[in-house]
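Chemist: Chains as they are written, first to last, in the numbering used here: chain A, -14 to 171; chain B, -14 to 171; chain C, -14 to 171; chain D, -14 to 171; chain E, -14 to 171; chain F, -14 to 171.
Bear in mind the hints are in silico, worked out from the structure with no lab data behind them. A few of these clues could be false.
One copy or two, either will do: identical chains are not told apart, so a pair holds if it fits within one copy or between any two.
[Stated by the list, open to error] Only pairs whose alpha carbons sit at most 27 Å apart, straight line, appear in this in silico DSSO-like list of lysine-lysine:
#, residue 1, residue 2
1, -11, 131
2, 141, 167
3, 86, 38
4, 32, 141
5, -11, 38
6, -11, 32
7, 86, 167
8, 86, 13
9, 77, 32
10, -4, 100
11, 77, 38
12, 38, 141
13, 100, 167
14, 13, 141
15, 86, 100
16, 38, 167
17, 13, 32
18, -11, 100
19, 38, 100
Owing to the predicted nature of the structure, the values given are computational and were not obtained by experimental measurement.
Protein chains: 6
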Amino acid sequence: MISKLLPNSIKYDGSQIAPLWAYSMGIKGDSIVVFHGPMDVTPENMKDLEDRKAGETIRGDDLVHIIVERFDSPSSMRLAYYMQRLLVVCIKDVLETHGIKTTRNGDDLFINDGKLTVSIASAGVSGEKIHCGINITTRGTPREVKTAALTDFGIKDWRTLALEIAETFVHEIEDIEGDIVKTKSL
Amino acid sequence: MISKLLPNSIKYDGSQIAPLWAYSMGIKGDSIVVFHGPMDVTPENMKDLEDRKAGETIRGDDLVHIIVERFDSPSSMRLAYYMQRLLVVCIKDVLETHGIKTTRNGDDLFINDGKLTVSIASAGVSGEKIHCGINITTRGTPREVKTAALTDFGIKDWRTLALEIAETFVHEIEDIEGDIVKTKSL
Amino acid sequence: MISKLLPNSIKYDGSQIAPLWAYSMGIKGDSIVVFHGPMDVTPENMKDLEDRKAGETIRGDDLVHIIVERFDSPSSMRLAYYMQRLLVVCIKDVLETHGIKTTRNGDDLFINDGKLTVSIASAGVSGEKIHCGINITTRGTPREVKTAALTDFGIKDWRTLALEIAETFVHEIEDIEGDIVKTKSL
Amino acid sequence: MISKLLPNSIKYDGSQIAPLWAYSMGIKGDSIVVFHGPMDVTPENMKDLEDRKAGETIRGDDLVHIIVERFDSPSSMRLAYYMQRLLVVCIKDVLETHGIKTTRNGDDLFINDGKLTVSIASAGVSGEKIHCGINITTRGTPREVKTAALTDFGIKDWRTLALEIAETFVHEIEDIEGDIVKTKSL
Amino acid sequence: MISKLLPNSIKYDGSQIAPLWAYSMGIKGDSIVVFHGPMDVTPENMKDLEDRKAGETIRGDDLVHIIVERFDSPSSMRLAYYMQRLLVVCIKDVLETHGIKTTRNGDDLFINDGKLTVSIASAGVSGEKIHCGINITTRGTPREVKTAALTDFGIKDWRTLALEIAETFVHEIEDIEGDIVKTKSL
Amino acid sequence: MISKLLPNSIKYDGSQIAPLWAYSMGIKGDSIVVFHGPMDVTPENMKDLEDRKAGETIRGDDLVHIIVERFDSPSSMRLAYYMQRLLVVCIKDVLETHGIKTTRNGDDLFINDGKLTVSIASAGVSGEKIHCGINITTRGTPREVKTAALTDFGIKDWRTLALEIAETFVHEIEDIEGDIVKTKSL
């Protein structure tokens, strides 16, 4: 699994959840790509129908964005969500090493009762994809939701954090793959 | 997913990892079954070939045993391991609510540098299975490994803990299933 | 599997075969949804290319509509059609308890030589879907086809019939699931 | 799908449910094989754990035996059972054309309240298999179960019946395959 | 697998890679369809993102076109590419019997250092598809690529060649299927 | 995919086709392992039932043995055989660079009309496996079959050849994987 940080700000509008988006960034293969930038997901790019029905806004002025793609034949929506949960666990673990204690509820992380992250997983014919956004700032986040953000808890450098998350996730996935190849089937 | 606690002590010898073991206990369907008892895995029941090659002993005088079965067509060794990692995360989270801080490395939990758990996942044609054992006592655990145990950290009642773990895991899985059925594919 | 009757008349135009349509009706999970209403399938919603090529009209002034959705990772077009055949068998069985003898040919039911039903099955990345329509009246059905309808055979109350069909199908599917979890693989 | 009648009596002891049994009979490919003979399933060949746990006897002096094999990559226990249900529906339909009215409950057929059939489905890595036995005589069937048999209802010639069932099932399966190849995915 | 030669010239614009295209040509089932005609793939029909990114032209005035479709539940992008490689090997083998020695590099065939073929494979929910085009003439092929063509090496009759390729491929696939049904699983 | 040459002579008795055999040789992950040694496949290790039924002997005094393992969830017997065909094509291509012209018929290579190779593919729950043996000498091969061997055609050094085959196959597989990750689904 390739790990890559894109240094420039990129707006996440939900189009990046499409298969092969990473390829358009020059990345070929299973990957975790991290960057930062604002978020404003257009309704047609909302994969979670609950959000779309509710007419929710998925917004923020600056977030760390994490995009995971795994090529799979056949692909599995279920595996996409299991993988997403592990990604969120990795984020939680890394934040803890930075002294930020979060609570996980499904695929959401909270600091106290402020929502720190948004996330979606899905699958297409060619494989699984995950997006997770971590608020760098609470500016621009929806008013109706109490949110939390990294800068309010002393994280100045999103790059270091993002790279640690990517590294932790890659290690997690490769550790699983390493277990698979030494296990007898039932 | 059915959650069931078997009150009597049962020796875990590795045969319980076989498909449909829960059915022989009267449990019909996807399940998480918890019980306690000694552990002594016979070499032919070792699914992790690393253990078998090393001639390892997988032993202990008393552990909480957690057996998960998920029926799946077709089944997936990979999903088995993703599910296992989430089970171990659930155990970690529940222990934390009991004031026991553990460190996770793949599918192992440690207290300080003492190994608290053993775990294996695998798949057969009919579905996925997971075993995780949590030391209640360090007695009977292999001498060559530094181990940790629940009783040394103040857990007197394995039942309460086991039920909380089972409940947390069932909630985690059902939360994932709830996400799947509201997600558009790519 | 959730069984739900929608009391109001809804026009079936083929858009209801899309994944997650039931979710837009407030139903979350595997489901069989029944309602009644006219039918006029637009060409772009025809999944059976034979119909589309032939420029066929798929129409009627009032039918019982049955929509089945099963979430599946990975999904299977084949399973969709096997499930559809069983749905049609369930309809046949329920009609027989109401004194209506039908003949089944694949996924079509006939009374004498009048076509009583239309049906399609298909699959997307997220799972399988089935539609089956049962003519309440022959009014509005294509002229070039001899059709039959429930009202001509004494069925006044589509609701009772529809609920019995849904219940029978749910029982059939759950009976199969119950067999799966007690069967050893080969 | 190859349809073949083996003229000689063969005892069904459950070993015929193993993958590639038909190959040992000279049949290469997906197949439905019919023959007649006694039945006495040994416990180790019982795939239904409910039967095995109950210490049931699965016996009879003479039955029509139907063995279906479908090669599949990957295979599916679920598909095996859906296919089995359709096989039982085909048997029911053929019996009806011979003036024998049966009631189906899952994978069992009854005449009045006498059990006419036994059946199991399962899957291995290479594909799906089904066995269904239809009592030609009630002799030798378990005493604790009320059974029914073909000869008591005027069927003298098991061959004609068996061939009609095989033909009906092959037609059903090929009809499904014919639908699959003209259906757009969702 | 159905093998069919369409005698008329058809322009390949990439739309023929869509599932069920063969059905619109009256072909029902797994198939290899061969025809000839010009090629000009529109960017939205380019499945290989490398080509699309590079703004490549995929063109020629006259090619033999081979379209393979395999219905599959679930389908597999990986199998699509394995099948494509075998198709290209079959083309190579047939050309060799006509005295034309080619070199294969992945899915490309070269005569000396002139590129003779273009090819793509992909999968949708309903199955796998492959296109392979063989230059009949180098006219109209992209200027920036050195190309080779059948007519320059003495092939006058594309029909004979195309039919031999189709026949060889069908034999290859059926030979594999014949092996599958006599092989014990592990 | 790991490529490894085992320098010592190892007798191939068919047990090496079992999943995770390479792991017992210290190889962890997808692999192609090459070694040389005699061959005498015991009937219980024959996966091709045609061989077993015929009471065939699968023997030789010295062969190059190639063992491929690919971990896969779910696994596919079909993919195993497609992969095997490509392995045999790679062997053919490498031999040709050494001036040895072979003819391929399915998974068999012939020099003139002498059979040079034996091969089998199969799948278990954990993945796919392939064995291919190439006669170094005709000594010890079955009398009833006309065989060919490398030494009769000037190959003195099996190691060089084996490594070239392994390298060619690894390149082929990785080339396919590289195509998968740049292809849009249908």
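Chemist: If a hint holds in the structure, say so; if it doesn't, say that too.
Modeler: Hint by hint, here is what the structure shows:
no., hint, result
1, -11 / 131, "neither (31 Å within a copy, 36 Å between copies)"
2, 141 / 167, "neither (41 Å within a copy, 35 Å between copies)"
3, 86 / 38, "neither (32 Å within a copy, 40 Å between copies)"
4, 32 / 141, "neither (31 Å within a copy, 42 Å between copies)"
5, -11 / 38, "between (34 Å within a copy, 20 Å between copies)"
6, -11 / 32, "both (24 Å within a copy, 25 Å between copies)"
7, 86 / 167, "neither (35 Å within a copy, 29 Å between copies)"
8, 86 / 13, "neither (35 Å within a copy, 33 Å between copies)"
9, 77 / 32, "within (24 Å within a copy, 31 Å between copies)"
10, -4 / 100, "within (20 Å within a copy, 41 Å between copies)"
11, 77 / 38, "neither (29 Å within a copy, 35 Å between copies)"
12, 38 / 141, "neither (36 Å within a copy, 36 Å between copies)"
13, 100 / 167, "between (39 Å within a copy, 21 Å between copies)"
14, 13 / 141, "neither (31 Å within a copy, 41 Å between copies)"
15, 86 / 100, "both (13 Å within a copy, 24 Å between copies)"
16, 38 / 167, "between (45 Å within a copy, 11 Å between copies)"
17, 13 / 32, "both (24 Å within a copy, 15 Å between copies)"
18, -11 / 100, "within (26 Å within a copy, 33 Å between copies)"
19, 38 / 100, "within (20 Å within a copy, 38 Å between copies)"
In terms of the numbered hints stated before, the structure departs from hints 1, 2, 3, 4, 7, 8, 11, 12, 14, listed from lowest to highest.
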